[in-house]
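Numbering of the sequence shown is given in the UniProt record's numbering, commencing with residue 1 and proceeding in unit increments.
Honestly, the hints are just simulated from the structure, not real lab data.
Everything numeric in this text was worked out from a predicted model, so none of it was measured.
Check before you lean on any hint, since a few could be wrong.
As a list, the in silico DSS-like pairs of lysine-lysine whose alpha-carbon atoms are at most 27 angstroms apart [said to hold, decoys possible]: (1) K456 <-> K487; (2) K890 <-> K959; (3) K556 <-> K468; (4) K290 <-> K221; (5) K404 <-> K289; (6) K221 <-> K177; (7) K322 <-> K207; (8) K322 <-> K177; (9) K487 <-> K510; (10) K569 <-> K487; (11) K712 <-> K549; (12) K300 <-> K322; (13) K875 <-> K834; (14) K959 <-> K322; (15) K144 <-> K125; (16) K844 <-> K834; (17) K141 <-> K468; (18) K141 <-> K400; (19) K456 <-> K12; (20) K487 <-> K290; (21) K263 <-> K487; (22) K556 <-> K400; (23) K263 <-> K226; (24) K712 <-> K468; (25) K456 <-> K468; (26) K556 <-> K300.
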Amino acid sequence: MVAQAPDTYETKTQEIAKQLLAATQEKKRSFLGQLQDQMRWDDKLLDWTMANPGLRVQLFHFIDCLPALRSKPEIAAHLQEYLTTEEVELPDALKKLLNFANPDSVPGKLAATTVAPAVETLAHKYIAGDSIPHVINTLEKLRKDKLGFTVDLLGEAVITEAEAQAYLNSYLELMEKLSEAAKKWSTIPQIDEADGQPISKVQVSVKLTAFYSQFDPLDAKGSEVKVSERIRILLRRAAELGAAVHFDMEQYTYKNLTFSILKNLLMEEEFRSRTDIGMTVQAYLRDSKKDLEGIIEWAKLRGNPVSVRLVKGAYWDQETIKAMQNDWPQPVYNDKAATDANYEELTQLMLENHQYIYSAIGSHNVRSQAKAIAIAQTLNVPRRAFEMQVLYGMGDQLAKALAKEGYRVRMYCPYGDLLPGMSYLIRRLLENTANSSFLRQSSENRPLEELLAPPKPNAESNIKDTWKPVFPNAPDSDYADAVQRDKAFRALETVRQQLGQTYLPLINGKREQTETIVDSVNPSNPSEIVGKIGLISIAQADQALEAAKAAFPAWKRTPVRQRAGVLRKAAELMEQRRHELCAWMVYEVGKALHQCDAEVSEAIDFCRYYADEMERLDQGYKYDTAGETDRYHYQPRGISVVISPWNFPLAIPVGMTVASLVTGNCTLLKPAEVSSVIAAKIAEVLVDAGVPNGVFQYIPCKGSTVGSHLVKHPDVHMITFTGSQEVGSRIYAEAAVLQPGQKHLKRVIAEMGGKNAIIVDESADLDQAVAGVVYSAFGYSGQKCSACSRVVVLEPVYEAFVSRLTEAVRSLNVGDAVHPSTFVGPVIDANAQKRILEYIEIGKQEAELAIQVPAPETGYFVPPTVFVNVSPTGKIAQEEIFGPVLAVIKAPNFEEAINIANGTNFALTGGLYSRTPSHIAQAKADFEVGNLYINRGITGAIVSRQPFGGFKLSGVGSKAGGPDYLLQFLEPRTITENIQRQGFAPIEGFSNE
Numbered sequence: 001m002v003a004q005a006p007d008t009y010e011t012k013t014q015e016i017a018k019q020l021l022a023a024t025q026e027k028k029r030s031f032l033g034q035l036q037d038q039m040r041w042d043d044k045l046l047d048w049t050m051a052n053p054g055l056r057v058q059l060f061h062f063i064d065c066l067p068a069l070r071s072k073p074e075i076a077a078h079l080q081e082y083l084t085t086e087e088v089e090l091p092d093a094l095k096k097l098l099n100f101a102n103p104d105s106v107p108g109k110l111a112a113t114t115v116a117p118a119v120e121t122l123a124h125k126y127i128a129g130d131s132i133p134h135v136i137n138t139l140e141k142l143r144k145d146k147l148g149f150t151v152d153l154l155g156e157a158v159i160t161e162a163e164a165q166a167y168l169n170s171y172l173e174l175m176e177k178l179s180e181a182a183k184k185w186s187t188i189p190q191i192d193e194a195d196g197q198p199i200s201k202v203q204v205s206v207k208l209t210a211f212y213s214q215f216d217p218l219d220a221k222g223s224e225v226k227v228s229e230r231i232r233i234l235l236r237r238a239a240e241l242g243a244a245v246h247f248d249m250e251q252y253t254y255k256n257l258t259f260s261i262l263k264n265l266l267m268e269e270e271f272r273s274r275t276d277i278g279m280t281v282q283a284y285l286r287d288s289k290k291d292l293e294g295i296i297e298w299a300k301l302r303g304n305p306v307s308v309r310l311v312k313g314a315y316w317d318q319e320t321i322k323a324m325q326n327d328w329p330q331p332v333y334n335d336k337a338a339t340d341a342n343y344e345e346l347t348q349l350m351l352e353n354h355q356y357i358y359s360a361i362g363s364h365n366v367r368s369q370a371k372a373i374a375i376a377q378t379l380n381v382p383r384r385a386f387e388m389q390v391l392y393g394m395g396d397q398l399a400k401a402l403a404k405e406g407y408r409v410r411m412y413c414p415y416g417d418l419l420p421g422m423s424y425l426i427r428r429l430l431e432n433t434a435n436s437s438f439l440r441q442s443s444e445n446r447p448l449e450e451l452l453a454p455p456k457p458n459a460e461s462n463i464k465d466t467w468k469p470v471f472p473n474a475p476d477s478d479y480a481d482a483v484q485r486d487k488a489f490r491a492l493e494t495v496r497q498q499l500g501q502t503y504l505p506l507i508n509g510k511r512e513q514t515e516t517i518v519d520s521v522n523p524s525n526p527s528e529i530v531g532k533i534g535l536i537s538i539a540q541a542d543q544a545l546e547a548a549k550a551a552f553p554a555w556k557r558t559p560v561r562q563r564a565g566v567l568r569k570a571a572e573l574m575e576q577r578r579h580e581l582c583a584w585m586v587y588e589v590g591k592a593l594h595q596c597d598a599e600v601s602e603a604i605d606f607c608r609y610y611a612d613e614m615e616r617l618d619q620g621y622k623y624d625t626a627g628e629t630d631r632y633h634y635q636p637r638g639i640s641v642v643i644s645p646w647n648f649p650l651a652i653p654v655g656m657t658v659a660s661l662v663t664g665n666c667t668l669l670k671p672a673e674v675s676s677v678i679a680a681k682i683a684e685v686l687v688d689a690g691v692p693n694g695v696f697q698y699i700p701c702k703g704s705t706v707g708s709h710l711v712k713h714p715d716v717h718m719i720t721f722t723g724s725q726e727v728g729s730r731i732y733a734e735a736a737v738l739q740p741g742q743k744h745l746k747r748v749i750a751e752m753g754g755k756n757a758i759i760v761d762e763s764a765d766l767d768q769a770v771a772g773v774v775y776s777a778f779g780y781s782g783q784k785c786s787a788c789s790r791v792v793v794l795e796p797v798y799e800a801f802v803s804r805l806t807e808a809v810r811s812l813n814v815g816d817a818v819h820p821s822t823f824v825g826p827v828i829d830a831n832a833q834k835r836i837l838e839y840i841e842i843g844k845q846e847a848e849l850a851i852q853v854p855a856p857e858t859g860y861f862v863p864p865t866v867f868v869n870v871s872p873t874g875k876i877a878q879e880e881i882f883g884p885v886l887a888v889i890k891a892p893n894f895e896e897a898i899n900i901a902n903g904t905n906f907a908l909t910g911g912l913y914s915r916t917p918s919h920i921a922q923a924k925a926d927f928e929v930g931n932l933y934i935n936r937g938i939t940g941a942i943v944s945r946q947p948f949g950g951f952k953l954s955g956v957g958s959k960a961g962g963p964d965y966l967l968q969f970l971e972p973r974t975i976t977e978n979i980q981r982q983g984f985a986p987i988e989g990f991s992n993e
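Build out the structure end to end from the sequences listed, making use of the hints.
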């Protein structure tokens with residue numbers, strides 16, 4: 001079919017739109033007239049939110065929290081906390097309602113009694129029913145108005161395999177019950193037939209990610225296998241019942257994999273002839289046209305049409321924020337007009353290809369629907385090939401107006417409990433109350449010409465990066481992109497071919513032979529040697545120190561800009577070698593690819609951030625006065641020894657080393673023995689970046705002998721260490737001893753781990769809390785100093801939390817880190833394995849074993865383990881285990897939860913899941929940790945945004961990746977000069993003339 005110019009349809013679009021708008025506004029005026037004198041609270045809430053942005057945010061936060069609240073006093077207390085903040089300007093009616101001294105007072109209970117039901121009423125405006133009988137009743141009413149339907153089951157996030165199976169079972173039951181009811185329905189030709197073909201009376205809409213709890217674009221093949229197994233069951237049963245199935249689109253990260261899975265599945269012989277299946281395109285995405293063109297080409301090849309539902313998209317805020325947080329280009333258009341313009345272009349493309357796809361035009365914008373009708377009429381699109389869709393509760397009047405004109409209209413009808421439906425409700429409220437919403441604008445009596453004008457995107461709508469952070473962090477790889485995945489997998493294969501090589505120390509620019517060679521092995525498969533490491537002797541350590549002493553004067557005098565340039569070059573080289581460096585970490589320390597990639601980003605960020613920081617510090621400070629210059633500046637300390645850990649084998653040694661180098665210190669890197677190959681790669685990068693001979697040296701060695709010798713050596717000025725409390729304390733003590741000939745006191749920076757807790761209170765979003773705890777506790781097998789090893793759960797939600805946590809852990813994939821499906825890999829070595837298993841035995845004596853997931857026998861694997869009913873003073877609740885072991889502790893109230901969380905010797909990271917403002921405020925004030933994370937996981941600190949480090953026995957020194965960190969590597973100096981000569985001072989502006 002020949003494509004038509006968009007302007008071809010404008011006259012007809014305007015004509016149809018005016019008719020539709022007149023019909024919807026006439027009914028709306030009638031409806032509002034009935035309520036004029038007795039407006040309900042749910043209507044008032046919506047009106048108030050549109051008038052007050054501060055109230056809108058806080059009220060939606062309260063609505064999000066509401067289903068978790070269990071009593072009227074609780075509801076009243078939360079309502080008061082949310083709506084009495086400074087940014088909220090309350091309407092008089094609401095002020096009176098909230099004017100109470102305490103939540104148990106009569107006004108407080110009145111507020112709870114009034115507002116909570118109002119919110120529930122509001123929810124039921126958008127939710128078609130909370131049970132199958134209820135939803136069937138709603139659907140039968142819709143059919144009386146000649147409106148078809150598609151039913152979507154609201155539900156909690158699928159974070160366990162039990163929930164994924166339950167999701168499938170719920171849909172099987174839903175289809176059966178709807179089909180059973182449909183047998184009694186008389187045929188309505190307008191919605192049940194078209195062009196002589198019957199159309200399924202029953203349609204359901206499903207989400208692909210809900211069929212597999214570990215759905216992950218990185219593991220595209222594994223996810224496809226697991227998801228497809230369940231979808232086949234669904235589609236087969238749907239065929240037996242005569243029901244249609246439509247697949248919704250979710251967050252952007254799942255889009256490409258969703259399309260890929262559906263296209264592959266629907267090309268299978270069993271499903272290839274089916275025309276009662278659909279997929280969804282979101283017009284707010286910049287690449288939606290490319291996606292739609294791909295669907296059309298695929299449909300031509302398939303030979304049988306599928307439905308394509310075109311929507312604007314429901315996750316705009318989420319996608320925008322996620323892109324900002326990850327420093328990724330914006331996947332969505334920046335303004336509503338650009339989305340609307342794209343929607344119209346896609347509508348035309350769909351309808352011009354009606355012989356290959358069936359179009360479902362989902363919108364509440366009268367102009368968007370009118371444009372679709374204008375195109376369909378002009379092109380004589382068959383009635384079977386297109387229909388209009390609106391959301392239940394949002395486009396009711398538009399739906400009836402369209403149906404009255406004889407079009408097939410389908411209502412998207414969510415059903416389910418209020419609790420899982422709350423996020424859906426908030427998305428609808430955000431949509432309804434946004435300034436750019438057509439529904440809002442039409443209710444404000446905007447001029448007709450303005451409402452129905454063609455969308456005109458602003459100049460910034462095509463700019464993908466409209467937000468510039470203070471410090472631009474390196475973006476992680478987006479494994480939703482097949483190109484990025486392929487690069488990562490190719491790197492794994494390339495690096496595998498390089499395993500087993502020998503890595504010698506680098507001393508004064510030369511590779512030195514050593515008497516001792518040790519094997520670094522793959523913890524997933526210990527028979528596989530990753531590399532052979534040459535360990536230096538004490539004599540070679542002294543040789544390295546002499547080289548550093550000789551190189552120091554020149555490096556100290558090297559301009560800061562030049563030193564910073566070396567760091568920026570190193571960052572550039574690491575970005576070029578990103579996938580290769582990830583692969584080395586996968587093999588040498590058993591870290592899963594996602595986590596490796598984030599670590600490369602962190603290492604890059606350290607280089608760039610410390611380069612910027614040193615240039616800032618190099619400016620010094622001027623405190624000049626009349627006749628005198630007073631200058632405050634910094635100089636390097638001298639020789640620095642960096643002792644790095646194996647658990648962050650790239651980011652932590654890079655951060656400590658480049659901080660030392662950029663501040664002008666000559667630096668010796670002593671890596672953990674089991675991660676020395678990765679440290680050798682760091683050495684390659686720094687040498688290629690231009691660090692001079694002697695200034696940086698790579699010196700793998702035995703910590704107990706050569707390492708100790710370096711710590712005690714009188715020529716060493718500072719030691720930077722990350723590792724265990726035991727070793728850190730010994731270094732701190734040894735460095736404090738003044739050695740013969742030593743003319744300085746050594747500076748020690750020591751980060752020494754934690755026993756980190758996450759608190760989950762009764763108002764927490766359990767979807768978020770369970771997922772966050774699982775990721776924080778079992779990511780990299782719990783081998784992070786920031787990992788969650790204790791979760792303190794308040795009594796009212798303890799059982800529900802433990803139940804979901806147990807199933808979530810049971811669903812984790814445990815195995816070789818090289819497999820993209822792996823979430824929990826091995827621990828680092830046999831000693832760690834033995835120690836952690838001993839702690840698990842202790843836990844079995846102290847507490848109750850809730851779950852222990854089977855782990856492979858080959859390799860250094862420890863089964864992910866959860867203990868419940870743990871005593872806060874038990875060994876597994878107090879001692880750092882450094883493995884995939886989680887202790888769950890019950891707390892009677894929030895005060896006690898804080899006390900339990902603070903009741904260890906450590907103070908590194910901590911977390912809180914809560915929607916109670918007073919609890920959040922109390923945690924900010926009283927939770928004793930260096931890094932506190934609220935309503936998110938507690939691992940993965942980001943340079944500049946989240947400087948990392950703790951106190952108590954978690955360490956000494958300023959936070960890595962923060963504005964104070966470099967000061968530790970520098971000596972401050974003040975130079976004062978009297979510049980008077982015989983009463984004359986050459987200072988600008990100082991004169992008697």
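To see whether the hints hold, each was checked on the structure:
Note on K456 and K487: the hinted pairing is violated, with a Cα-Cα distance of about 39 angstroms set against a maximum of 27 angstroms. Taking the CA atoms of K890 and K959, the gap is about 32 angstroms. The hint is violated against a cut of 27 angstroms. For the given pair, K556 sits about 34 angstroms from K468 by alpha-carbon distance, which is inconsistent with the 27 angstroms threshold. For the given pair, K290 sits about 23 angstroms from K221 by alpha-carbon distance, which is consistent with the 27 angstroms threshold.
As the CA atoms of K404 and K289 are separated by approximately 32 angstroms, the hinted pair breaks the 27 angstroms bound. Proximity of K221 to K177 is assessed by CA-CA distance (about 34 angstroms); at most 27 angstroms being required, the pair is judged violated. Restraint check: the Cα-Cα separation between K322 and K207 comes to about 20 angstroms, which is no more than 27 angstroms; the hinted pair holds. A hinted pair counts as satisfied when its Cα atoms are at most 27 angstroms apart, and K322 with K177 does not qualify at roughly 39 angstroms.
Annotation: proposed proximity of K487 to K510 is violated, straight-line Cα distance about 33 angstroms (limit 27 angstroms). Only pairs whose Cα atoms come within 27 angstroms are accepted, and K569 paired with K487 is accepted, the gap being roughly 22 angstroms. Between the alpha carbons of K712 and K549 the distance comes to roughly 16 angstroms, so the proposed pair stays at or under 27 angstroms and holds. For the suggested pair K300 and K322, the alpha carbons sit about 35 angstroms apart, so the restraint of at most 27 angstroms is broken.
Taking the CA atoms of K875 and K834, the gap is near 16 angstroms; set against the 27 angstroms cutoff, the hint holds. At roughly 25 angstroms between alpha-carbon atoms, K959 and K322 fall within 27 angstroms of each other, so this suggested pair holds. Only pairs whose Cα atoms come within 27 angstroms are accepted, and K144 paired with K125 is accepted, the gap being roughly 18 angstroms. Between K844 and K834, the direct Cα distance comes to roughly 16 angstroms. Compliance with the 27 angstroms bound is thereby established for this hinted pair.
Proximity of K141 to K468 is assessed by CA-CA distance (about 51 angstroms); at most 27 angstroms being required, the pair is judged violated. Distance restraint check for K141 and K400: the Cα-Cα separation of roughly 12 angstroms lies within the 27 angstroms cut-off, and the hinted pair is therefore satisfied. Of the supplied pair hints, the one linking K456 and K12 holds, its CA atoms being roughly 19 angstroms apart against a limit of 27 angstroms. About 23 angstroms separates the Cα atoms of K487 and K290, which keeps this hinted pair within 27 angstroms; it holds.
Annotation: proposed proximity of K263 to K487 holds, straight-line Cα distance about 24 angstroms (limit 27 angstroms). Proximity of K556 to K400 is assessed by CA-CA distance (about 78 angstroms); at most 27 angstroms being required, the pair is judged violated. The suggested pairing of K263 with K226 holds, with an alpha-carbon distance near 16 angstroms, which does not exceed 27 angstroms. Pair hint K712 plus K468 does not hold up; C-alpha atoms about 46 angstroms apart against a cutoff of 27 angstroms.
Between the alpha carbons of K456 and K468 the distance comes to roughly 25 angstroms, so the proposed pair stays at or under 27 angstroms and holds. A distance of roughly 68 angstroms separates the Cα atoms of K556 and K300; the hinted pair therefore is violated under the 27 angstroms criterion.
In terms of the numbered hints stated before, the structure departs from hints 1, 2, 3, 5, 6, 8, 9, 12, 17, 22, 24 and 26, listed from lowest to highest.
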